[in-house]
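Chain A is already provided as a structure; the job is to place chains B and C on it using the hints.
The primary structure of each chain is shown beneath.
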Amino acid sequence: MTRGILLTVILISLLMLTPAAAVASPVGVTVAPDRSDVSTVLGGRFTLKTEVTNTGSVPTGVLLAHLNVASVQGDIYVDPEDWSPARSQEFSLQPGDSRMLSWEIQAVNSGKFAAYVVVLPFGEEVAGTEELVVSPLVKLDVAPRSTVSAGLALPVVVLIPLALGATAAVTLIRARRRT
Amino acid sequence: MTTVVKSRDLRAPRNALDRPAGRSGWLVVAGQEVQDLWKSGRGPLLLFCFSVLLSAVTYLASTNQALNFLERREAVNLLLQFAVAVGVLVTLIVSADGISGERERGTLESLLVTPVSRRGIIAGKLIAALSLWLAAFLVSVPYVWVLARAVGILSKALILGLVVGTIVAIGMASIGLLISAVCNSNKTSLAASAFLLLILFAPTQLPSGLPQGWFFDVLQLANPVASALSYLTTQLVQGAHWTEDLVYLVSPVITVVLAGGALILFGPGIVRLRAGGDAG
Amino acid sequence: MSERLMANSTVEAVNLTKRYGTRTAVDDVSFTTRPGDIVGLLGPNGAGKTTTIRLLTTVLTPTSGQFWIAGHPWTSPDEIRRRVGVLPESGGYPGFQTGQEYLHYHALLYGFTGAKATGIADSLLAEVGLDDRAGSRISGYSRGMRQRLGIARALVNNPAVVFFDEPNLGLDPAGQSQVLEIIRRVAHGRGATVILSTHMLSEVEEVCSRVIILNEGSLVASGTVGDVMRTAEVERAAQLRVPTNLIERARRALSEVPDLVIERTDGRPDVVRISLRTSAGVAADETSERLNAAIVAVAAANVPVLSYEMEGARLTDAFLQMTRRAAS
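Chains as they are written, first to last, in my numbering: chain A, 1 to 179; chain B, 1 to 280; chain C, 1 to 328.
Here chain A stands alone, though its shape is the one from the complex (with noise of 0.2 Å):
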């Protein structure tokens, strides 16, 4: 007997620490992202998928999830919005409902970030002692890319205006001719 108890005291442990793919709260939300890193380059855009479950057994009343975009790397300054314009989503699930929402990023600088998802109470009634519930970390792996294009900025800022000089120069010529 005392094996016995030991083994599921071990059991329910590891089962503790195991990482999971989504993380329960103590309101019976989970929210879970589609991926766990993206690799793009600069400016490159792609989309961010979250499930979010209510678990518990009770309506879980207006939620919001919101997407935030950090550094990593420490000095590199990170505006979320710049990254996506509309990082805010408002929703309410009933028990055992769950609902897919999605966030079109652009990776406007280059470097490690990542993203992650946090789902508040939301609303007049929010107590403000409520937890948070938080998705696990999105990596971003955001190559450089050289968006400086001088090489191709230099015939057409001279051909066009050389063109239509010329073009405003022969027709006033032959304008003038036709006195």
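A hint or two may mislead.
Said to hold, decoys possible - Not the full set, but computed from the structure, chain C residues with beta-carbon under 8 Å of chain B:
1) Tyr-105
2) Tyr-110
3) Val-305
4) Tyr-308
Claimed, not checked - Using C-beta positions, here's what the derived DEER-type ranges look like:
5) A:Arg-176 to B:Glu-244: 50 to 56 Å
6) A:Gly-96 to B:Asn-64: 26 to 32 Å
7) A:Gly-151 to B:Leu-265: 53 to 59 Å
8) C:Ser-202 to A:Leu-172: 44 to 50 Å
9) B:Phe-216 to A:Gly-151: 42 to 48 Å
10) A:Leu-172 to C:Ser-218: 50 to 56 Å
11) B:Gly-213 to A:Gly-151: 30 to 36 Å
Treat the hints as calculated values from the structure; they're not laboratory data.
No experiment lies behind these values; they were computed from the predicted model shown.
Each residue gets a CB set at the ideal place from its N, CA and C atoms; glycine is no exception.
Coordinates of chains B and C only, in the frame set by chain A:
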């Protein structure tokens, strides 16, 4: 005693005029105005000056290594704002010359005695003025391509620039024609139009740190030029979806409706030999 | 209810009036014209000539009154515009267009197709003598060339009625002569009615079959040149110049002619002025005959008549008489 007048054309038609086979009057006016604008050299010269300005902005933005991704997006927005502002300016100047210029040059009377309706004359001149905006936009396309492709907003920049710029251009050209129709002096018409555009464009250049409030917000939204440029900014710099912030397009669209409507309704009454009625 | 039918008239104006506030520019003007008429529209500056033309060409709207052009009433301005041609007094031209382009454009405005418009432009330029300058910009045209171009433009739609407002303004005598010749061809060759507003009364006498005289907006005379002169009742007189040593013999001979008033002329001892007594009751068309009898009498007295000049025989005299009378 009531007199009933029976009208009878006593002359046998010696020409094709009773059943004209040619183009509609407004199309003829538009065609000639466009030709005059471009063949005289005025249009090409304006476009040349415009392209020099765009070249300077594009070159500086594209070769500046210090600009990050977001700042390059802002550069695209800046370029497009230049294109819209200058394109609308030249369109407004041409339309402001439309009626008052003909009065001063003495060519309006010979136009008024033709069978082309007053509305047809207005429509033709409006189209000719808008040709400048479209040409200015076409000239800006390669510049926008150079800057926007690198930051992934090329198609959005071009489509929005064309749509928003055209709405503003139609509104301002209509206003320019209205001003021109009610001014006897071409100088007055041009000055009033340029001053109006300056008033509308000036708020877009104010520093962002100025006090804000509902009054300034309402002013901003009511200003068709500032409002349209704000819409472009939210789309290109902030990356909003095109359906968001459509409230910024309300005043440009209302300007088109009101000014265009005024031209249609009052055009026959204001396109006269002298402004202010049959002053002879 | 009476039915009004258009007579064979190209222009019919009935009680045409135009007021600007308290100022009346055209006051109750009525007249009629026929095909082929060349009508001189005369009057001092500010008489209302240009306003009348602008009313009839629908550029201005009458305050009251009615008019018909080629059978079309004033309420159909589009139809009227198709049938009139106008050379405005102070018309301008787009300097950077060529003469050909300018006429081509106006032909298109009147509804002609492109090919037809080109043909019309070419033929009109030839008609007014500008075919060798068809491809030149109008800014390089002389004043006379611009007037001829304007006449050509007025004829683009082969109008029933053509209005020329001061067509000879600023032209040299050769240019004036050319323009008058074109005007004659327009009326007689095309059968159009020409309404010619001008200050040059000599032109009117030369080409016009009828005249309308306006003064301060009102019509003071209308009819043929002869009719107007008769109506004017201008004093008819003549000046005879004879050899100075025979002047007294000439006076004695003239004193034998009944109802003749003989006057000396200051500073001209060889000239005697004669006129008919106002009480003579001589009809206006007999005046010339009676005055000519004076020449016969002088010649019968063996006095050579070196020159003989009629006074009051010109439209200018009638015009001045009528406008002065109306003003007073």
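inquiry  = Hint compliance check: list the failing hint numbers for this structure, sorted ascending.
reply    = Per hint list: 3, 4, 6 and 11 violated.
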